[in-house]
Amino acid sequence: MFDFGIVTKWINDLLLGVMPQWLATTIECAIVGVALLLMYSVIAIIYIFYERKVCGWIQCRLGPMRVGPWGLLQVFADVFKILTKELITLWDTDRLLFMLAPYFVVVASMLMFACLPWGNGLQMIDMNIGVFFIAAVSSIGVLGILLAGWSSNSKYTLIGAMRSGAQMVSYEISTGIAMMTVICLAGTMSISGIVEAQKDGWFIFTGHIPAIIAFVIYIIAANAENNRGPFDLPEAEHELTAGYHTEYSGIHFGFFYLAEYLNLFIVSGIAALLFLGGWMPLHISGLDAFNNVMDYIPSPVWFLGKAFFMSFVFMWIRWSFPRVRIDQMLKLEWKYLMPLGLFNLVLMALCVSFGLHF
Amino acid sequence: MANIQEKISALCPSATFDESGELLLVNVPDENWHALAKALKEELHFDLLNAVAGVDWKESLGCMYYLTNTETQEMIHVKVATTDRETPRLHTVSDVWAVANYQEREVYDFFGIEFINHPDMRRFFLRNDWVGYPLRKDYDANPELNPLRLEAEENEDDTYALVEDEKGEIKRVDKKVFGPDEYVINVGPQHPSTHGVMRYRAAIDGEVVKKVDVVSGYIHRGIEKLCEDLTYPSMLLYTERMDYMGAHMNRHATCLCIEKALGIEVPHRAEVIRMMMDELMRLSSHLLSYGCLTMDQGATTAFFYGFRERELIYDIFDKTCGARMSMSYDTIGGVVRDVDPEFVNDVRKACDAIEKAIPEYHKLFSGNVIALGRMKDVGTLSLEDAKNYAITGPSGRASGFHCDVRKTQPYSLYNEVEFDEVVYENGDSFDRYMVRMKEMEQSIKILRQCCDMMDKEGHQGEFCAKVPKIIKLPAGHWYQQVEASRGAFGVYLESDGEGKPFQHPYRIHFQSPCFNLVGVVDLTCKDNLIADLITITASLDYVIPDIDR
Amino acid sequence: MEIKSPKIKSIKHEEFKDNEYIDSLVAELNAAGANIVVGKLDQLMQWGHANSLWPFCFGTSCCAIEFMCLGAARYDMARFGFEVARNSPRQSDYIMCQGTITYRMAPALVRLYEQMAEPKYVIACGGCTVSGGPFKKSYCVVKGVDEIIPVDVYMPGCPPRPEAMFYGLMQLQRKIKASKFFGGHNRKEARAKFFEAKAAAEKDSALRAEHMRLAEESKAPVLER
Numbered sequence: 001m002f003d004f005g006i007v008t009k010w011i012n013d014l015l016l017g018v019m020p021q022w023l024a025t026t027i028e029c030a031i032v033g034v035a036l037l038l039m040y041s042v043i044a045i046i047y048i049f050y051e052r053k054v055c056g057w058i059q060c061r062l063g064p065m066r067v068g069p070w071g072l073l074q075v076f077a078d079v080f081k082i083l084t085k086e087l088i089t090l091w092d093t094d095r096l097l098f099m100l101a102p103y104f105v106v107v108a109s110m111l112m113f114a115c116l117p118w119g120n121g122l123q124m125i126d127m128n129i130g131v132f133f134i135a136a137v138s139s140i141g142v143l144g145i146l147l148a149g150w151s152s153n154s155k156y157t158l159i160g161a162m163r164s165g166a167q168m169v170s171y172e173i174s175t176g177i178a179m180m181t182v183i184c185l186a187g188t189m190s191i192s193g194i195v196e197a198q199k200d201g202w203f204i205f206t207g208h209i210p211a212i213i214a215f216v217i218y219i220i221a222a223n224a225e226n227n228r229g230p231f232d233l234p235e236a237e238h239e240l241t242a243g244y245h246t247e248y249s250g251i252h253f254g255f256f257y258l259a260e261y262l263n264l265f266i267v268s269g270i271a272a273l274l275f276l277g278g279w280m281p282l283h284i285s286g287l288d289a290f291n292n293v294m295d296y297i298p299s300p301v302w303f304l305g306k307a308f309f310m311s312f313v314f315m316w317i318r319w320s321f322p323r324v325r326i327d328q329m330l331k332l333e334w335k336y337l338m339p340l341g342l343f344n345l346v347l348m349a350l351c352v353s354f355g356l357h358f
Numbered sequence: 001m002a003n004i005q006e007k008i009s010a011l012c013p014s015a016t017f018d019e020s021g022e023l024l025l026v027n028v029p030d031e032n033w034h035a036l037a038k039a040l041k042e043e044l045h046f047d048l049l050n051a052v053a054g055v056d057w058k059e060s061l062g063c064m065y066y067l068t069n070t071e072t073q074e075m076i077h078v079k080v081a082t083t084d085r086e087t088p089r090l091h092t093v094s095d096v097w098a099v100a101n102y103q104e105r106e107v108y109d110f111f112g113i114e115f116i117n118h119p120d121m122r123r124f125f126l127r128n129d130w131v132g133y134p135l136r137k138d139y140d141a142n143p144e145l146n147p148l149r150l151e152a153e154e155n156e157d158d159t160y161a162l163v164e165d166e167k168g169e170i171k172r173v174d175k176k177v178f179g180p181d182e183y184v185i186n187v188g189p190q191h192p193s194t195h196g197v198m199r200y201r202a203a204i205d206g207e208v209v210k211k212v213d214v215v216s217g218y219i220h221r222g223i224e225k226l227c228e229d230l231t232y233p234s235m236l237l238y239t240e241r242m243d244y245m246g247a248h249m250n251r252h253a254t255c256l257c258i259e260k261a262l263g264i265e266v267p268h269r270a271e272v273i274r275m276m277m278d279e280l281m282r283l284s285s286h287l288l289s290y291g292c293l294t295m296d297q298g299a300t301t302a303f304f305y306g307f308r309e310r311e312l313i314y315d316i317f318d319k320t321c322g323a324r325m326s327m328s329y330d331t332i333g334g335v336v337r338d339v340d341p342e343f344v345n346d347v348r349k350a351c352d353a354i355e356k357a358i359p360e361y362h363k364l365f366s367g368n369v370i371a372l373g374r375m376k377d378v379g380t381l382s383l384e385d386a387k388n389y390a391i392t393g394p395s396g397r398a399s400g401f402h403c404d405v406r407k408t409q410p411y412s413l414y415n416e417v418e419f420d421e422v423v424y425e426n427g428d429s430f431d432r433y434m435v436r437m438k439e440m441e442q443s444i445k446i447l448r449q450c451c452d453m454m455d456k457e458g459h460q461g462e463f464c465a466k467v468p469k470i471i472k473l474p475a476g477h478w479y480q481q482v483e484a485s486r487g488a489f490g491v492y493l494e495s496d497g498e499g500k501p502f503q504h505p506y507r508i509h510f511q512s513p514c515f516n517l518v519g520v521v522d523l524t525c526k527d528n529l530i531a532d533l534i535t536i537t538a539s540l541d542y543v544i545p546d547i548d549r
Numbered sequence: 001m002e003i004k005s006p007k008i009k010s011i012k013h014e015e016f017k018d019n020e021y022i023d024s025l026v027a028e029l030n031a032a033g034a035n036i037v038v039g040k041l042d043q044l045m046q047w048g049h050a051n052s053l054w055p056f057c058f059g060t061s062c063c064a065i066e067f068m069c070l071g072a073a074r075y076d077m078a079r080f081g082f083e084v085a086r087n088s089p090r091q092s093d094y095i096m097c098q099g100t101i102t103y104r105m106a107p108a109l110v111r112l113y114e115q116m117a118e119p120k121y122v123i124a125c126g127g128c129t130v131s132g133g134p135f136k137k138s139y140c141v142v143k144g145v146d147e148i149i150p151v152d153v154y155m156p157g158c159p160p161r162p163e164a165m166f167y168g169l170m171q172l173q174r175k176i177k178a179s180k181f182f183g184g185h186n187r188k189e190a191r192a193k194f195f196e197a198k199a200a201a202e203k204d205s206a207l208r209a210e211h212m213r214l215a216e217e218s219k220a221p222v223l224e225r
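Chains Z, F and W, in that order, give the protein sequences. Residue numbers 1 to 358, in the working numbering, belong to the letters of the first sequence in order. Residue numbers 1 to 549, in the working numbering, belong to the letters of the second sequence in order. Residue numbers 1 to 225, in the working numbering, belong to the letters of the third sequence in order.
Bear in mind the hints are in silico, worked out from the structure with no lab data behind them. Values in this document were obtained by computation on a predicted structure and should not be read as measured data. Warning: the hint list may mix true and false statements.
[To be verified] With a straight-line cut-off of 25 Å between C-alpha atoms, the simulated BS3-like cross-links for lysine-lysine are:
| id | chain 1 | residue 1 | chain 2 | residue 2 |
| --- | --- | --- | --- | --- |
| 1 | Z | Lys331 | F | Lys526 |
| 2 | Z | Lys335 | F | Lys376 |
| 3 | W | Lys137 | F | Lys472 |
| 4 | F | Lys319 | F | Lys349 |
| 5 | F | Lys211 | Z | Lys155 |
| 6 | F | Lys407 | F | Lys363 |
| 7 | F | Lys176 | Z | Lys155 |
| 8 | F | Lys225 | W | Lys136 |
| 9 | W | Lys40 | W | Lys7 |
| 10 | F | Lys526 | Z | Lys155 |
| 11 | W | Lys40 | F | Lys137 |
| 12 | W | Lys137 | Z | Lys53 |
| 13 | F | Lys363 | Z | Lys53 |
| 14 | W | Lys175 | W | Lys193 |
| 15 | F | Lys58 | F | Lys137 |
| 16 | Z | Lys331 | F | Lys210 |
| 17 | W | Lys137 | F | Lys58 |
| 18 | F | Lys175 | Z | Lys331 |
| 19 | W | Lys9 | W | Lys175 |
| 20 | F | Lys58 | F | Lys7 |
| 21 | W | Lys175 | W | Lys12 |
| 22 | F | Lys438 | F | Lys349 |
| 23 | Z | Lys155 | F | Lys38 |
| 24 | F | Lys137 | W | Lys136 |
| 25 | F | Lys456 | F | Lys319 |
| 26 | W | Lys143 | F | Lys225 |
| 27 | F | Lys210 | F | Lys175 |
| 28 | F | Lys469 | F | Lys225 |
| 29 | W | Lys137 | F | Lys137 |
[Said to hold, decoys possible] Estimated spans, in silico, between C-beta atoms of each pair:
| id | chain 1 | residue 1 | chain 2 | residue 2 | range |
| --- | --- | --- | --- | --- | --- |
| 30 | W | Lys12 | Z | Leu62 | 14 to 24 Å |
| 31 | Z | Ile129 | W | Lys40 | 44 to 54 Å |
| 32 | Z | Asp13 | W | Val37 | 35 to 45 Å |
| 33 | Z | Lys155 | F | Asn128 | 18 to 28 Å |
| 34 | W | Ala27 | Z | Thr26 | 50 to 60 Å |
Glycine included, C-beta positions come from ideal geometry on N, C-alpha and C.
Given these sequences and hints, build the entire structure.
Here it is in structure tokens:
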């Protein structure tokens, strides 16, 4: 398997050869930052197109196909449009918070985005508490949504924000527990460590029953944390017009829109990381020839493929189910998902301590 | 009929009777009306108030009340009038039949008749700063009195009631709709799930709805007034712009009413075609209702599935009538032109396709655990309330109310075809939804039988009776009901029979089923969540232009 | 740089029935001249705007059902990128008035129009919004929405067929392409003229003041508002 660490190390050595350490680090940070922003926007554009096509396919439609070849330029047109739309500021609102809110949402998703394991040695932030960091920064997003809803000075946005607050705070517990179950199996919180631990088999296979339960819990909870159907209550179109971002226009709305799709990618990526081995190829112990063939597929392809597959599952769910009601949603979390998750965590702990996993 | 007459005479000696029309007409003085109304409901079981039509008879102003005994299906109508044109006042019956609440507000809006003891005397359709009462014959139509105003209405919270005390003195009591400590959110007039331009003001406590105030009239176009200036054939065009999802039925009802007045016999084949169009329309309407209900609950994909099959029905309309919507197909004496030669085959094909699709709809939505959780036991309407609020159609039948006009008062050829009246028991949103789904199957059954009838009658043939070029109606009034997509649609038609060259109706009133449906929104939404408000209104499935007319 | 007559991928130029109007717009733009850099940027922006028209769902009656059909599987406006129907006026690009506008609804429509973010367009869809249609003689129906808001495209029909709606939307795309985004000839001036003309014709003083206010507002550049 090609280790991208070689490339990054080579760049680092090259820079160190002509300049002092501090300058090299600064330049590297800048390069990584630009790469991050670039990837962020590219992935967002791909995802918007992806969702529109998949949604069209599920609904027996064609989806965008007229702008550019096969409709590929559709999202670019949308981007140009949204960049040049008027930014409306409202009377009697908290101007600063109103302006700040979309950035909170975008920054939260960017921080999570930076943690994803793109490939062998391709990772922007790799700290020993990586998963914990992801769980922590994901909570900043809800702050942005609450601020957006509150500062808009509208009843609809406020209801949307309150729903969102209740929803995200509740479902964060379940995602956290599902993550803990995996950490328990992996024995580390470091993202590269978790990927490395799945060398001989992805956790969904090696962890068998508790891992599969955790996977299902994670999918449900991540869907909810992401405000996607059937948990899209905060922006429930048919109840609250556009929910917490009703009053936002132009690029401010664009940020919410962008973050929504990016969050989809991120939760898919984390699902791939925790359960499907991150960038790790599919290895079956004993079949060396097969494993070697799998190793020839570059690691970023593995990661993106898994993430896209998970996103497809999320879209499938979104476009098939009706929306749940707020009380049902909270009931699902507090009465079923969380107790099940806790029980599952104990089960996993038992499995690990008695060595009952593969 | 004579039996009822005797009983009413015993209850109210001052009532006079007129048996010359199609139904027994009871003339009651206003002071006896409220007591008689109570007795009619409680002792003679006239528990369904079909329609209230305000009429300006020039020398007097008043209302026609159409009542049905839901056990024997007997109908009578009661005329209550006042000669005071300056401050016309009648007694309310909204405490007897709850449906009269909004009906009387409509009469107040159009004729300025104030109802004593009515709890909430606000205008229903027109702006509260409107000058004059448009359906009165002496209405001043000068546009300067009522210009186009671009500022929002003021004092929309103000209302009043006329309260009569024991001595018979009438006092005006000013009221507010919402108290100062209620958190009111405004839903509409432009809101994605009000299915048009309905406006609710809902007092909420957290997410729980405490009270809903219906503000209607955002698409009130004055159709009844417009019809008074047109001849009978040209007037028909408005009927299909009210409930555009029941266009054929509405037009059918109006044609039947005029034919009844003229005494025209419609050819059998034309009736078959009309009936087929009605049932196709019903299918299309129920498919739309499936689509909208599912979309309002977030299942966007189901909406597209519903619309996929609707296009097949549109194709049939397109081929025969020349338009996808607003078909203008029924006419006095039959239909406008003969059907497309392929019509019967197309209908058969569409029936097969829809029959195949219905299980798919159920698979996608009906059995879904989220859908069940959102619709079961939400917005329950009891049988008693359904009768009290005159909720007919699928919504009424979901409460166990046998109200299918096709069965109770068969018109057209509905007694020649076999079908079942779909009746459910619980009256919750899920039952309302299921009634529609099951009714589609019944419509397909009717359509198949009609196709066989058409095979016998010939795919081309007679489609319209001979009607006079200029249609003049004799003096009198008529009432005709049909089962439209959303319930019993009634037409009240009055002609003064004066020999003008071009005859037009003296007064026409359309009793739309949707008008009654909004009456129960407050009742069914109380103590439910905001999300349920959307579910309930979607499952009631009203069409706003039908309410506002 | 010369501005060319707008091209739409879906329909050929000759197949449109009102090319004189668009050609006159283009001639007007060319008369003012254009800087090559600004002109190219203009083209890019107009391409974006024309191909990403997000509707604001404003359906009052029958036309709204046909609009739903337009979005549904057979006609599928998603093909052209029109499908992102927003329910918040702030986020939509054009308001398609479907159905009769009554006196009670008119203030709400004007308010929704004002809530939309620039650049915004209006389509009058169906006979009722074009002229009042069959309800022209009614006591409480607005005789065409152009009495209260400036209209870009008129779509006759009762209701227009989905094909007609597509034709109308293509016309709107052409109209967007035949304008300049950065300065120069801008449709905002046309809107200011619209409101000034309305104010001049108006007898009622309150309404006149309202129109004058709208006209003044339309003249101000977008970014300063």
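Verification of the supplied hints:
This hinted pair checks out: lysine 331(Z) and lysine 526(F) have alpha carbons roughly 22 Å apart, not beyond 25 Å. Taking the CA atoms of lysine 335(Z) and lysine 376(F), the gap is about 20 Å. The hint holds against a cut of 25 Å. Between lysine 137(W) and lysine 472(F), the direct Cα distance comes to roughly 23 Å. Compliance with the 25 Å bound is thereby established for this hinted pair. In summary, the hint linking lysine 319(F) to lysine 349(F) is supported, as the alpha carbons are separated by about 14 Å, within the 25 Å threshold.
The hinted pair formed by lysine 211(F) and lysine 155(Z) meets the criterion: a straight-line CA distance of about 17 Å does not exceed 25 Å. Proposed proximity of lysine 407(F) and lysine 363(F) is contradicted: the alpha carbons are some 31 Å apart, above 25 Å. For a cut-off of 25 Å, the pair hint linking lysine 176(F) to lysine 155(Z) stands: about 22 Å separates their Cα positions. Of the supplied pair hints, the one linking lysine 225(F) and lysine 136(W) holds, its CA atoms being roughly 12 Å apart against a limit of 25 Å.
Taking the CA atoms of lysine 40(W) and lysine 7(W), the gap is about 15 Å. The hint holds against a cut of 25 Å. Taking the CA atoms of lysine 526(F) and lysine 155(Z), the gap is near 20 Å; set against the 25 Å cutoff, the hint holds. Pair hint lysine 40(W) plus lysine 137(F) does not hold up; C-alpha atoms about 64 Å apart against a cutoff of 25 Å. A distance of roughly 46 Å separates the Cα atoms of lysine 137(W) and lysine 53(Z); the hinted pair therefore is violated under the 25 Å criterion.
For a cut-off of 25 Å, the pair hint linking lysine 363(F) to lysine 53(Z) stands: about 23 Å separates their Cα positions. A hinted pair counts as satisfied when its Cα atoms are at most 25 Å apart, and lysine 175(W) with lysine 193(W) qualifies at roughly 18 Å. As the CA atoms of lysine 58(F) and lysine 137(F) are separated by approximately 7 Å, the hinted pair is consistent with the 25 Å bound. Simply put, lysine 331(Z) and lysine 210(F) have alpha-carbon atoms about 22 Å apart, close enough for the 25 Å limit, and the pair holds.
Simply put, lysine 137(W) and lysine 58(F) have alpha-carbon atoms about 23 Å apart, close enough for the 25 Å limit, and the pair holds. Between lysine 175(F) and lysine 331(Z), the direct Cα distance comes to roughly 40 Å. Violation of the 25 Å bound is thereby established for this hinted pair. For the hint linking lysine 9(W) to lysine 175(W), the alpha-carbon distance of about 14 Å falls within 25 Å, and the restraint holds. For a cut-off of 25 Å, the pair hint linking lysine 58(F) to lysine 7(F) is broken: about 31 Å separates their Cα positions.
Annotation: proposed proximity of lysine 175(W) to lysine 12(W) holds, straight-line Cα distance about 15 Å (limit 25 Å). Distance hint between lysine 438(F) and lysine 349(F) is fulfilled; the C-alpha atoms sit about 19 Å from each other, no more than 25 Å. Proposed proximity of lysine 155(Z) and lysine 38(F) is contradicted: the alpha carbons are some 44 Å apart, above 25 Å. Restraint check for lysine 137(F) and lysine 136(W): satisfied, since their Cα atoms lie roughly 20 Å apart, inside the 25 Å limit.
Note on lysine 456(F) and lysine 319(F): the hinted pairing holds, with a Cα-Cα distance of about 22 Å set against a maximum of 25 Å. Note on lysine 143(W) and lysine 225(F): the hinted pairing holds, with a Cα-Cα distance of about 17 Å set against a maximum of 25 Å. Between lysine 210(F) and lysine 175(F), the direct Cα distance comes to roughly 18 Å. Compliance with the 25 Å bound is thereby established for this hinted pair. For the given pair, lysine 469(F) sits about 24 Å from lysine 225(F) by alpha-carbon distance, which is consistent with the 25 Å threshold.
At roughly 16 Å between alpha-carbon atoms, lysine 137(W) and lysine 137(F) fall within 25 Å of each other, so this suggested pair holds. Distance hint check: the CB atoms of lysine 12(W) and leucine 62(Z) are about 22 Å apart, consistent with the given range 14 to 24 Å. Remark: the range hint 44 to 54 Å for isoleucine 129(Z) to lysine 40(W) is upheld by a beta-carbon distance near 50 Å. At about 42 Å, the CB distance of aspartate 13(Z) to valine 37(W) agrees with the hint of 35 to 45 Å.
The beta-carbon spacing between lysine 155(Z) and asparagine 128(F), approximately 23 Å, falls within the hinted interval of 18 to 28 Å. A beta carbon spacing of about 55 Å between alanine 27(W) and threonine 26(Z) agrees with the range 50 to 60 Å that was offered as a hint.
Violated hints for the displayed structure, listed by number in ascending order: 6, 11, 12, 18, 20 and 23.
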